[in-house]
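With the sequences and hints as input, model every part of the structure.
Protein chains: 4
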Amino acid sequence: MTTVPYIHEIKYYETDRMGITHHSNYIRFMEEARIDFFKQLGWDYAKLEAMGVMSPVTKVDCQYKVPTTFGDELRITVLVKECNGIRLQLLYQMKNQHGVIVCTGSSEHCFINSDGKIVRVDREFPEFFTSIKEKSEEHSL
Amino acid sequence: MTTVPYIHEIKYYETDRMGITHHSNYIRFMEEARIDFFKQLGWDYAKLEAMGVMSPVTKVDCQYKVPTTFGDELRITVLVKECNGIRLQLLYQMKNQHGVIVCTGSSEHCFINSDGKIVRVDREFPEFFTSIKEKSEEHSL
Amino acid sequence: MTTVPYIHEIKYYETDRMGITHHSNYIRFMEEARIDFFKQLGWDYAKLEAMGVMSPVTKVDCQYKVPTTFGDELRITVLVKECNGIRLQLLYQMKNQHGVIVCTGSSEHCFINSDGKIVRVDREFPEFFTSIKEKSEEHSL
Amino acid sequence: MTTVPYIHEIKYYETDRMGITHHSNYIRFMEEARIDFFKQLGWDYAKLEAMGVMSPVTKVDCQYKVPTTFGDELRITVLVKECNGIRLQLLYQMKNQHGVIVCTGSSEHCFINSDGKIVRVDREFPEFFTSIKEKSEEHSL
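Read top to bottom, the protein sequences are chains E, L, G and A. To convert, note that position 84 of the first sequence is 84 in my numbering; the numbers rise steadily by one, no gaps. To convert, note that position 55 of the second sequence is 55 in my numbering; the numbers rise steadily by one, no gaps. To convert, note that position 32 of the third sequence is 32 in my numbering; the numbers rise steadily by one, no gaps. To convert, note that position 105 of the fourth sequence is 105 in my numbering; the numbers rise steadily by one, no gaps.
Treat the hints with caution; some may be incorrect.
[Said to hold, decoys possible] The calculated lysine-lysine pairs, modelled on DSBU-like cross-linking and capped at a C-alpha distance of 30 Å, are:
#1 L/Lys-117 x E/Lys-47
#2 A/Lys-65 x E/Lys-47
#3 A/Lys-65 x E/Lys-133
#4 A/Lys-11 x L/Lys-81
#5 L/Lys-117 x A/Lys-11
#6 L/Lys-117 x L/Lys-81
#7 G/Lys-11 x A/Lys-11
#8 G/Lys-65 x L/Lys-135
#9 E/Lys-59 x E/Lys-39
#10 E/Lys-47 x A/Lys-11
#11 E/Lys-39 x A/Lys-65
#12 E/Lys-81 x A/Lys-117
#13 L/Lys-59 x G/Lys-39
#14 E/Lys-81 x A/Lys-59
#15 L/Lys-65 x G/Lys-135
#16 A/Lys-135 x L/Lys-11
#17 L/Lys-65 x A/Lys-95
#18 A/Lys-59 x E/Lys-59
#19 L/Lys-59 x G/Lys-59
#20 E/Lys-11 x A/Lys-117
#21 G/Lys-11 x L/Lys-117
#22 E/Lys-81 x A/Lys-81
#23 L/Lys-11 x A/Lys-65
#24 L/Lys-65 x A/Lys-39
#25 E/Lys-59 x L/Lys-11
#26 L/Lys-117 x G/Lys-65
#27 E/Lys-59 x G/Lys-11
#28 E/Lys-117 x A/Lys-117
#29 E/Lys-11 x G/Lys-135
#30 L/Lys-65 x G/Lys-117
#31 L/Lys-47 x A/Lys-95
#32 E/Lys-11 x L/Lys-65
#33 G/Lys-11 x A/Lys-95
#34 E/Lys-11 x G/Lys-59
#35 L/Lys-11 x G/Lys-47
#36 A/Lys-135 x E/Lys-11
#37 E/Lys-95 x G/Lys-47
#38 L/Lys-59 x G/Lys-135
#39 L/Lys-81 x G/Lys-59
#40 A/Lys-59 x E/Lys-65
Rather than coming from a laboratory, the hints here were simulated on the basis of the structure. Since we're looking at a predicted model, the values are computed, not measured.
What follows is the structure in structure tokens.
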């Protein structure tokens, strides 16, 4: 299954007085892109939560290459770096409307149930696991 | 019981590319000041929630008088306009470090329990109600 | 010229621990809808700023009718209540994906130039003024 | 010169519907702590900007150890990892009110002038450079 980049248009309130998008907001764009990526794979995050699985962020990093500002349009590509049932690693690449890479990043996630306990997503939600896992194998071919 | 103004120092990320504090943030400062006001009256909002009472916002308004920016220090005064057990109305006045009124606002709240049902706070949480009510009478003297 | 509602999908990071969209975010949605409304009228806000006109918010109010949460999709309609060259008043109505009104609000704006001085937009930017003004007359017919 | 940890109390609006502080906010706390750290060293960031030097973030990373929520109080320690005149690297450690490390992170910065050009802070702002540099040597002793 092919996924398409997620589009985020920079909002006025996402800029700061340096005139550019505040760096903290890219972490939020990564979340938006991740949720959209899951959705494209057939997994609505709100439904996953309703099923009792959540994927809190355990690590995040972000490299800012080129500043953006209000009105710019980001295209965010998400790749699965690793998914082993207890840990999910995602990579992000953000390009602006001119095709220039403005930001790269990654995030790492565990999976917990509604009691906050760590779950092995490969055992307890095998279908979800498989569809993520397939994406990780894709770009290692 | 006398309450003291709540202090909020404007953060860099609260500014926008106009160079000033983004107007939406004042609604957040009102929340901060409200929670601090409750705390000064002896009611820790996290504990209120743990007791099963929440006060969602039903209305809010804000009048922006003078812009502020990063590094400015707001002193926010909260007054109880009305509290009748089902509805709470609060007034806010924000001054900058020079004593100039930069913003005024108000908020209106109902009370709900953990099931999301409306509760009469005068009946179900009479002590909480009384301490708020007393504040409303104070400034009508 | 007919404008269409602006769509905002509630983001995960826009919710709070009450499980609902934090009330401050609706003020941001109003800004998004306003900027989109201007764009539909042919006025790109970034270009307006580049031309030297900005429209800071002088007042805002919001009435919260029904809570929303992550995954909900808001359709936001903007109406011009008044535009007299020095003051612009806008009305907002937000419906969820089920057609239920979840929030109404209004905002008031002045116009300033890049030096922060108040400008009469009817005199200095007559084309912009006219296209806004026309919208205000529309729904008073 | 000894610096003291920066205190940040988690705000209600900083939580999400998982019931915890949204992970993106820690990037903002790092900014708050960094600005406070500069201030303790005698450098008011607003004044630095007025002097024409800004330090945009070029990289950031964050490791989330323990969730926090509304009412928790973070103590954030900032260390200078490296400062060589063109690049500044800072380390952050965040503890909650119980002394538990909840988050660690780092940020990397360059320095630009008001035209957005890269500046060598050791040459153009030697006093600022020296006071940062001294902090980096401190903990390598």
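Sort out which numbered hints this structure fails and list those numbers smallest first.
12, 17, 28, 36
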